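Residue numbers for the sequence shown follow my numbering, beginning at 49 and rising by one.
Derived by calculation from the structure, the hints in this document are not laboratory data.
Here the structure is a predicted model, which means the values were calculated and not measured.
Check the hints yourself; a few may be wrong.
[As the list claims (entries may be wrong)] Pairwise CB distance ranges, derived in the manner of DEER restraints:
#1 Arg106 to Tyr235: 32 to 42 Å
#2 Glu256 to Val77: 38 to 48 Å
#3 Leu70 to Asp252: 16 to 26 Å
#4 Leu249 to Lys159: 36 to 46 Å
#5 Ile223 to Glu98: 38 to 48 Å
#6 Asn234 to Arg106: 19 to 29 Å
#7 Ala220 to Arg94: 13 to 23 Å
#8 Glu91 to Arg161: 41 to 51 Å
#9 Leu69 to Arg151: 33 to 43 Å
[Unchecked claim] Calculated cross-link-like contacts (lysine-lysine; reagent style DSSO-like; alpha-carbon spacing at most 30 Å):
#10 Lys191 to Lys102
#11 Lys102 to Lys259
#12 Lys259 to Lys159
Idealized CB from N, CA, C, for every residue including glycine.
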Amino acid sequence: MSLNDILHYLRLGGVTLALLLLASVVALVVAVERLIALWGVSERSRTLGETVNKHLLRGDMAAARTAAERSDSVTADIFLAGFDRLERSRTSGGAGVEAAVERERAQVGLKLRRHLWVLATIGSITPFVGLFGTVAGIMRSFKDLGLDVEAGGTGGSAAVMTGISEALVATAVGILVAVQAMLFYNYFQARLSRVLVELRLLGDEFVELLKERASGVPLPPEPAPTRESQPPAVPRPDPKLA
């Protein structure tokens, strides 16, 4: 199909084809925006989780909170929600920390799923928009056929078939746009499912360590010094020789 044929079909498509092309551009923009927003989320979350947990294992909650405040990872909001709840419930041993972390994790999940409904909507309605354009084109073709017969024409099928073939372009474009949008949607759904599981695991481990520190669980004992690292014994003077 040449460029002139494509331009010809675009002119014949009218408003319906313009809407479908606009929907295709919107789906592409949303996909690029979500790809940028989700880029490196898992890696940054794991790195921050390891850092915060390492400080908590050492008993340094101030350093753990500072690491979360300085991070730009989405997991930082989850950790900070736990720290804030612990500050308000120190007398109760950290009660409600798990619920606070879970609520913030749900909020983060909503942020990560932002605009995905646009892809789902485009994928579901564009085939029907294309079908509407096709039906409208077929109706127009038969109307032209009726006018031709009334004007004394032969009523040949050539004009009707040409109009129908042109009208079917709207259905084809609608299907292509729907396939594009659903491919993007399914990809992000699969990726977000994996990311949300990782966030849940990081949050659960963080809550366990935070509750241990809040309840005063002692840290693991320091390893005993070896014989080589012990200082040499100083001989005591014999009192009989004094």
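Checklist entry - Any hints this thing doesn't respect? Which numbers, in order? => result Violated hints (numbers, rising): 3, 4, 6, 7, 8, 10; every other hint is consistent with the structure.
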